[in-house]
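Let the sequences and hints guide you as you build the complete structure.
Protein chains: 2
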Amino acid sequence: MKKLIVVYIFLLGLFALYLFYYKSTSLNETALEKAQEGIRGNMNEKYVMVTFQAGHDYWKRALKGFEDAAGALNVSIEYRGAAQYDVHEQITVLEQVIAKKPDGIAISAIDPDKLTTTINKAIDAGIPVVLFDSGAPSSKAQTFIGTDNYNAGVMGAQEMASLLDNKGQVGIVTLPNQLNHQERVKGFLETMEKDYPGIKVVEVKDGKGSEPISRMAAKELLSKYPHLNGIFATEAIGGIGVGSAVSAVKGKNKVKIVSFDTDKPTLDLIKDGTISATLAQGTWKMGYWSMQFLFHLNHKLTADSKLGNISAPPLPPNVDTGVSVITKKNVGDFYGQ
Amino acid sequence: MKKLIVVYIFLLGLFALYLFYYKSTSLNETALEKAQEGIRGNMNEKYVMVTFQAGHDYWKRALKGFEDAAGALNVSIEYRGAAQYDVHEQITVLEQVIAKKPDGIAISAIDPDKLTTTINKAIDAGIPVVLFDSGAPSSKAQTFIGTDNYNAGVMGAQEMASLLDNKGQVGIVTLPNQLNHQERVKGFLETMEKDYPGIKVVEVKDGKGSEPISRMAAKELLSKYPHLNGIFATEAIGGIGVGSAVSAVKGKNKVKIVSFDTDKPTLDLIKDGTISATLAQGTWKMGYWSMQFLFHLNHKLTADSKLGNISAPPLPPNVDTGVSVITKKNVGDFYGQ
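If you read the protein sequences in the order shown, they are chains A and B.
So the first sequence is numbered by full-length UniProt numbering: it starts at 1 and just counts up by one.
So the second sequence is numbered by full-length UniProt numbering: it starts at 1 and just counts up by one.
No wet-lab data here; the hints were simulated from the structure.
Accuracy of the hints is not assured; some may be wrong.
Any copy will do: because identical chains look the same in the list, a pair fits if it lies in one copy or spans two.
[Stated by the list, open to error] Calculated cross-link-like contacts (lysine to any residue; reagent style SDA-like; alpha-carbon spacing at most 20 Å):
#: 1; residue 1: K2; residue 2: G13
#: 2; residue 1: K60; residue 2: A248
#: 3; residue 1: K114; residue 2: V201
#: 4; residue 1: K224; residue 2: G168
#: 5; residue 1: K101; residue 2: K121
#: 6; residue 1: K60; residue 2: P313
#: 7; residue 1: K3; residue 2: G13
#: 8; residue 1: K64; residue 2: P313
#: 9; residue 1: K140; residue 2: N151
#: 10; residue 1: K194; residue 2: Y150
#: 11; residue 1: K121; residue 2: K140
#: 12; residue 1: K254; residue 2: Q158
#: 13; residue 1: K264; residue 2: R80
#: 14; residue 1: K114; residue 2: N180
#: 15; residue 1: K46; residue 2: A99
#: 16; residue 1: K60; residue 2: K140
#: 17; residue 1: K300; residue 2: S324
#: 18; residue 1: K121; residue 2: I5
#: 19; residue 1: K186; residue 2: Y150
#: 20; residue 1: K60; residue 2: L301
#: 21; residue 1: K101; residue 2: V201
#: 22; residue 1: K60; residue 2: K208
#: 23; residue 1: K167; residue 2: E190
#: 24; residue 1: K194; residue 2: Q158
#: 25; residue 1: K186; residue 2: N151
#: 26; residue 1: K140; residue 2: T117
#: 27; residue 1: K328; residue 2: P313
#: 28; residue 1: K2; residue 2: L14
For clarity, every value in this text was computed on a predicted model and none was experimentally measured.
What follows is the structure in structure tokens.
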């Protein structure tokens with residue numbers, strides 16, 4: 001009888017062990033199988049974002065996107081940048097970053113031509129590189145992630161047309177010598193001409209990226225064209241100058257202003273009605289997809305590696321991160337971004 | 001004595017159970033911790049790719065990219081398509097797909113206007129949608145992933161200029177009524193005008209996407225312009241027609257042909273030297289990033305969810321997947337893709 005109990009307990013123990021073993025094995029296998037799947041790196045991987053004017057608010061959302069992607073992918077990041085608007089300083093910073101052999105570098109190039117040699121040095125050293133916000137088309141870097149400025153100009157024209165009920169006179173205050181601003185103006189002008197025959201663009205003026213000069217330019221437009229209905233400013237500082245000219249010379253809400261970017265003074269002028277709309281760039285998206293693309297290059301997750309020795313660029317060469325229109329209605333969403 | 005053995009076995013069993021329990025718990029915790037990191041879904045998620053002319057080779061690489069991304073992300077996919085080049089059939093297929101409430105749909109739209117209502121129906125039902133290869137700009141879908149045809153024309157011009165040592169006469173055979181082909185021609189013409197003053201584009205002809213008509217168009221170019229040095233064909237069937245005209249009327253290697261896409265007959269003509277270069281579209285990238293973007297929409301991994309109620313498009317609105325140049329040197333990479 002007691003022997004039977006011993007055997008019974010022994011068999012029961014074996015069965016329990018078997019159950020636990022079975023359960024733990026199958027659970028572990030599933031869990032490990034899962035852990036091996038998915039797209040993830042490890043915390044020893046380091047990706048670096050390099051900008052210029054590193055303290056500027058503009059980069060905050062780009063860095064947030066970079067961080068968010070790194071968090072999702074389980075990798076580490078570092079932010080480096082020239083403190084000033086100085087190409088030599090950015091070259092020095094980039095040289096220092098290259099020396100540390102990170103797993104990828106996302107760069108916004110202050111000067112595409114002068115940075116090309118250093119960018120190519122990174123690529124020749126086998127470090128994945130993407131350009132964001134401000135590209136370097138003649139470098140060996142194959143991907144640019146940023147605003148398509150022509151499309152941004154198209155959006156600006158559509159917003160202006162909607163503010164003016166598709167009729168009236170419009171002026172532009174811009175930086176005529178800078179490529180991104182030329183493209184914004186081109187998109188604006190071609191859209192007005194093609195889609196809004198009731199709107200006439202009367203003059204394009206140089207605001208030199210300066211608040212007082214842009215204010216003066218706007219004043220001249222307002223006195224030269226007494227029936228002026230709107231002004232498009234292709235950058236934020238100019239938009240603030242235009243805003244102060246319009247507020248001073250005429251009553252608010254008469255001349256509609258469409259501006260660019262989302263610094264605090266611009267948002268304040270949206271809130272008080274001086275500026276009717278501003279175009280926000282997709283800076284979070286620039287940072288997020290820069291990180292994703294660098295990860296894909298570093299882990300060889302692209303067509304290159306999937307399809308053998310194929311002579312195709314591994315990533316999309318151009319990603320337009322778009323602009324969104326900010327007005328009084330949604331300006332609250334953009335404070336503190 | 002026997003009692004002692006019973007107690008002994010019982011205690012031994014408890015200890016073994018404890019060990020196994022401990023091991024399985026700690027392993028599972030680590031594994032689950034890992035499984036929570038990284039970017040991954042689960043196999044119950046289903047994403048659908050919808051095309052037209054579903055059996056066509058052209059979609060194979062796009063589907064491979066879609067599959068590769070789904071594999072990396074641990075989710076399921078399905079491929080559906082209209083068998084014919086028929087907008088009503090594609091609408092029916094899309095309706096059937098919507099009824100199954102998948103986690104995302106990537107569509108190449110045979111006819112942007114006629115499909116817009118059905119695409120919007122999917123979005124209104126809360127299903128993430130991206131357009132690839134052929135977009136639907138007036139629909140509510142916010143992202144298009146495909147070839148920037150203007151840039152493709154620029155690449156075609158650069159390749160032609162390099163083949164002709166920057167001088168000579170060039171003709172074009174195209175589909176003048178289709179937007180994507182208009183853009184290819186525009187990019188080609190503007191690049192020649194701006195960057196290659198030694199090259200003159202003598203005439204643009206309609207090949208109607210037909211091999212015999214394109215052959216006839218090329219014959220006319222060859223007889224009208226006896227000093228013709230090159231022909232740019234903006235689509236593959238036309239390129240084959242142009243190839244046969246050039247082979248028949250003149251000796252090979254005299255008139256250089258730059259064509260489009262990578263179907264087998266085109267690759268064969270590259271191999272035998274009739275066509276000097278063809279432009280391969282980034283179809284793998286279209287499929288891969290369509291899947292990634294749908295996953296990001298479905299899992300709310302975009303700025304929208306990371307930054308509160310922000311009034312910005314969640315994904316980049318335009319992704320240019322680029323083209324790569326195929327010549328005799330690298331044509332081997334593209335067979336069997």
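Verification of the supplied hints:
no. : hint           : verdict
1   : K2 with G13    : both (16 Å within a copy, 17 Å between copies)
2   : K60 with A248  : neither (33 Å within a copy, 62 Å between copies)
3   : K114 with V201 : neither (36 Å within a copy, 35 Å between copies)
4   : K224 with G168 : within (15 Å within a copy, 49 Å between copies)
5   : K101 with K121 : within (11 Å within a copy, 49 Å between copies)
6   : K60 with P313  : between (30 Å within a copy, 18 Å between copies)
7   : K3 with G13    : both (15 Å within a copy, 16 Å between copies)
8   : K64 with P313  : between (27 Å within a copy, 16 Å between copies)
9   : K140 with N151 : between (25 Å within a copy, 17 Å between copies)
10  : K194 with Y150 : both (14 Å within a copy, 18 Å between copies)
11  : K121 with K140 : within (9 Å within a copy, 43 Å between copies)
12  : K254 with Q158 : within (18 Å within a copy, 49 Å between copies)
13  : K264 with R80  : neither (24 Å within a copy, 48 Å between copies)
14  : K114 with N180 : within (17 Å within a copy, 35 Å between copies)
15  : K46 with A99   : within (13 Å within a copy, 44 Å between copies)
16  : K60 with K140  : neither (27 Å within a copy, 29 Å between copies)
17  : K300 with S324 : between (33 Å within a copy, 19 Å between copies)
18  : K121 with I5   : neither (73 Å within a copy, 69 Å between copies)
19  : K186 with Y150 : both (6 Å within a copy, 16 Å between copies)
20  : K60 with L301  : between (28 Å within a copy, 18 Å between copies)
21  : K101 with V201 : neither (51 Å within a copy, 48 Å between copies)
22  : K60 with K208  : neither (25 Å within a copy, 51 Å between copies)
23  : K167 with E190 : within (16 Å within a copy, 32 Å between copies)
24  : K194 with Q158 : within (11 Å within a copy, 29 Å between copies)
25  : K186 with N151 : both (9 Å within a copy, 17 Å between copies)
26  : K140 with T117 : within (9 Å within a copy, 43 Å between copies)
27  : K328 with P313 : between (42 Å within a copy, 18 Å between copies)
28  : K2 with L14    : both (18 Å within a copy, 19 Å between copies)
In terms of the numbered hints stated before, the structure departs from hints 2, 3, 13, 16, 18, 21, 22, listed from lowest to highest.
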